[in-house]
Amino acid sequence: MAYVAVKGGEQAIKNAEALLQAMRRGNKDIPELSLEQIKQQLALAVNRVMAEGSLYDCDLAALAIKQSWGDLVEAIFLLRAYRTTLPRLYYSKPLDTEKMQVQRRISSIFKDLPGGQKLGATYDYIHRLLDFKLAAENNEYHAPEIDNNNGTVPRAIDTLNQEGLIQSETDITDTDNEPFDLTRQSLSTPTDRDARLQNLARADEGFLLGLAYSTQRGYGKNHPFAGEIRVGEVEVIIEPEELDFEVAIADIQVTEVQMVNQFKGSKELPPQFTRGYGLTFGYNERKAMSMAIVDRALRAKEFGEEIEGVAQDEEFVLYHSDNVEAQGFVQHLKLPHYIDFQAELNLVRQMKKEQKLDSDNEYKVIKNIKIRPEESKDYSEISEVNNLAFGQENEANVFNDV
Amino acid sequence: MKHQTERQAWMEILAKSSVVNIERQVQTLGKLPEYSFLRSPEIGLTMLRGRAGGTGEVFNLGEMTITRCVVKILDTIGFGYVGGRSKRHAELAAVCDGLLQQNEWSFTVQNQVIQPLQTIIQQKQEQQQRQTEATKVEFFTMLRGE
Chain A
1 MAYVAVKGGE QAIKNAEALL QAMRRGNKDI PELSLEQIKQ QLALAVNRVM
51 AEGSLYDCDL AALAIKQSWG DLVEAIFLLR AYRTTLPRLY YSKPLDTEKM
101 QVQRRISSIF KDLPGGQKLG ATYDYIHRLL DFKLAAENNE YHAPEIDNNN
151 GTVPRAIDTL NQEGLIQSET DITDTDNEPF DLTRQSLSTP TDRDARLQNL
201 ARADEGFLLG LAYSTQRGYG KNHPFAGEIR VGEVEVIIEP EELDFEVAIA
251 DIQVTEVQMV NQFKGSKELP PQFTRGYGLT FGYNERKAMS MAIVDRALRA
301 KEFGEEIEGV AQDEEFVLYH SDNVEAQGFV QHLKLPHYID FQAELNLVRQ
351 MKKEQKLDSD NEYKVIKNIK IRPEESKDYS EISEVNNLAF GQENEANVFN
401 DV
Chain B
1 MKHQTERQAW MEILAKSSVV NIERQVQTLG KLPEYSFLRS PEIGLTMLRG
51 RAGGTGEVFN LGEMTITRCV VKILDTIGFG YVGGRSKRHA ELAAVCDGLL
101 QQNEWSFTVQ NQVIQPLQTI IQQKQEQQQR QTEATKVEFF TMLRGE
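Just so you know, the protein sequences line up as chains A and B, in that order. Be aware that the first sequence starts at 1, since it is given in my numbering, and climbs by one per residue. Be aware that the second sequence starts at 1, since it is given in my numbering, and climbs by one per residue.
Bound-form chain B, shown alone (with noise of 0.2 Å):
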């Protein structure tokens, strides 16, 4: 992606967080407006596709399963597309978008369930990168005979 919207954002980040923090995080928010499913959760598949040499030819690589869900949360409708196959997941997903996407939602849900759940990613993320520069190497080329 070039250029991220803050929905785009808001949307990765219910996508990789897993759905345990996901819950714990909207549990923190309180008793929810009602919603009702325009698309119940549903499970399928996503072909990924590469391409040759990173830069070529697009090819197909093989695929993942996917869930996603629509609902209507007051007056927004809300969508979740996550990776797996956690009908839960893509539900909280939904949900989150719709209320995000409402003035008196938006600060709160952002502050109580996205920032925390960028934290949690970020600092796995972080952590596995020094995990992987402890391993950096200099190889020093030796003469023959040395």
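This is chain A alone, in the form it adopts within the complex (with noise of 0.2 Å):
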């Protein structure tokens, strides 16, 4: 399938985006939303599309949602776009996350665990009933403080780890390599976790939670527990050549997720539990749990388990899995396919000629009256006169001068 390329509508094409404009800026006795308004007060909807668009600078993702009209997908889609007009200068030590200033820090598998259970602002035991104070604006909200000294706290998994009952994550990174970048390299399968990890990471969320559902239900044996589940801040801390010694440039909010899962043990490895990762920009739990939940499953041939659900197929997921690229594939659609349709058209109309003059010739056979030559001929004029009707002339012209 082939679009062409069309010429004209300049006009129509200006008007298009200036209505846009106008009805994105909406009533103007309404006042005009403020980057600092959309940071703030939806900052769930900017965590979303820097995790997504793989950049980290909540101003510009502020910027994309104003300018897409709340769309996020296509707000992704922005952010994406301008991270390829600045140059890369550095990469980061690797994010230490256990010395995060946790905001929030629970685990479904320890009751008691040293830095205690910490809701931080979550929806989790809230009932979903339309808050109508809410309609009404200059609301006041107190966030209560309790003394505490310290906001870093130990890993929930450690303990299992001590006793040997998960499998350890040691760093196995080759020094000489560097980690797989898909930004820079085509992704090829089987892949490695790293590349695995990276595209997850800035993967659709919906379409890794359906994912995560989906093997919740029984397609790939996958039962999850939700070891940990941290957000907070990390230090970003980078080494210029030109210093020679380390430095922090900034603090960002990730979450991670430690899913633990039971492992019966294969010829190779003894039975224990075995980890899924997630880990993402800002505050985005429910897609951090999806990661971790699509990391274990694609974990399988690592585990010598059958792949028996989609969620297990790594070609199937990291193909699929970028809104980006998916988006852009359905989308195209809409561009002129005048003449692959055309073809189509003609096609169908010719075998369905064909069909009705197979028919029609059994109903003379059986008849004994033969047909007309001339009859068998039809379909060919009729796609002259369908090429002129639908300008397939003029648009194949049109293709050529491009």
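Since the hints were derived computationally from the structure, they do not count as laboratory data. Note that the structure is a prediction, hence the values are computed from the model and not measured. Keep in mind that a hint or two might mislead.
What the hints assert, rightly or not - Here are the computed lysine-lysine pairs in the DSSO-like style, where the Cα-Cα straight-line distance is at most 27 Å:
| id | chain 1 | residue 1 | chain 2 | residue 2 |
| --- | --- | --- | --- | --- |
| 1 | A | 39 | B | 124 |
| 2 | B | 124 | A | 99 |
| 3 | A | 99 | A | 111 |
With the hints as a guide, bring the two chains together.
Next up, the structure:
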């Protein structure tokens, strides 16, 4: 299937853009949204756009949301396009999530654990009832405070690690080989975990959520426990060549999820718990949990498990997870496909005609009546008429001109 | 970072403070020495990395914006590296880094810029910790049918 080049329509396109801009702005009597308002009051949308846009910058994400009229996938596309205009200057040291200043930290495998369970700002225990007080403006809210002198907490699943009950996560990075980079290398299967985690970190939340759900419903054995979910700020550290020492450049908010899965063991591996890992920019819990479940599902091969569900199929998951690519290919169908369709139209007409002739033949043979030779040629003339009516010739010329 | 030097500490504080706050504190210094750019403020990207399971294999998580700047001020070279896209932020960070390396300026800049900024960062962090602590929960497991 191919689309064709067309020309003309400049005025209509300009007007369509102007209409979009005017409609996006809405009623002039209503104050315009500021980026600061979007950043603060639609923070979770900003977080999603940064995570899937694969670019941490709250101001740019807020601008993208404003520009895209609230369409988050469009905003993600804008951010991805913008990042291509900037040079890459540094690679950070791996984020140390153990030193996170936690804003939320829960574990569903241990009731009591060092550092405790801290709910943070969450919808989890709130009734999903519309709050009509919010419909009115000038609401004031106060966050309660209790004294505490430590913001960092040890990892919840470290206790399992000490007993050797969970597959250990050791640094197997080959210092000679840089981690796989999707933005510079094309993905080919079979993949390693570094490529998969990068792909999943920027993957569409809805797609991962559906896949994670499918594993829970039985498409691929996967019975996960939320070992630990933590949200908070981690330090970004780089080591510029010109300085020769490390410098911290910012604190950024991330969500980290450690899923724990039972594993019966295989010929090579003892029975133990295995892990799925999720890490995203911002407060992005549903996405990070889905990522961790899908990461574990994609490790099926590593653990000698049978591939039974789509979530375990790396080719299926990794090649369809990116919403910028996916929306592009689905939406390109809006571009002119006149020539392709014309060919198909002719083909269907021809097949229909032939089928009719065949059945007429049968009928006529039964009745012992001969067909006229002209009748079998009719469709060629019809297709010529169609070419003219649909302007196919003209399009072909345009195509050649371009 | 395992052991942080004094210079790493002030560079971190300058990077993590807002440009508005730095500007306000720098103004208290009065007239600054002339300086020139060895590298004009430049916006680019840093690829952020994570580790599988927090401790395992390194992977590329996604990028963030960064602005860097190098100035020559008096006889020292100051570097600024800050997250985000504020050129002014990187410039001020570089200028302060340059001044802090000089005996006649370091005391004043520490007192009038770095320490107040550090206090602001610390206060914000402590408030956030107290807010999180207020949501600390003790769940009690109930027997089935209880």
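These are the hints, each one checked on the structure:
{"no.": "1", "hint": "39/A with 124/B", "result": "holds, 18 Å"}
{"no.": "2", "hint": "124/B with 99/A", "result": "holds, 17 Å"}
{"no.": "3", "hint": "99/A with 111/A", "result": "holds, 22 Å"}
In this structure, none of the earlier numbered hints is contradicted; all agree with it.
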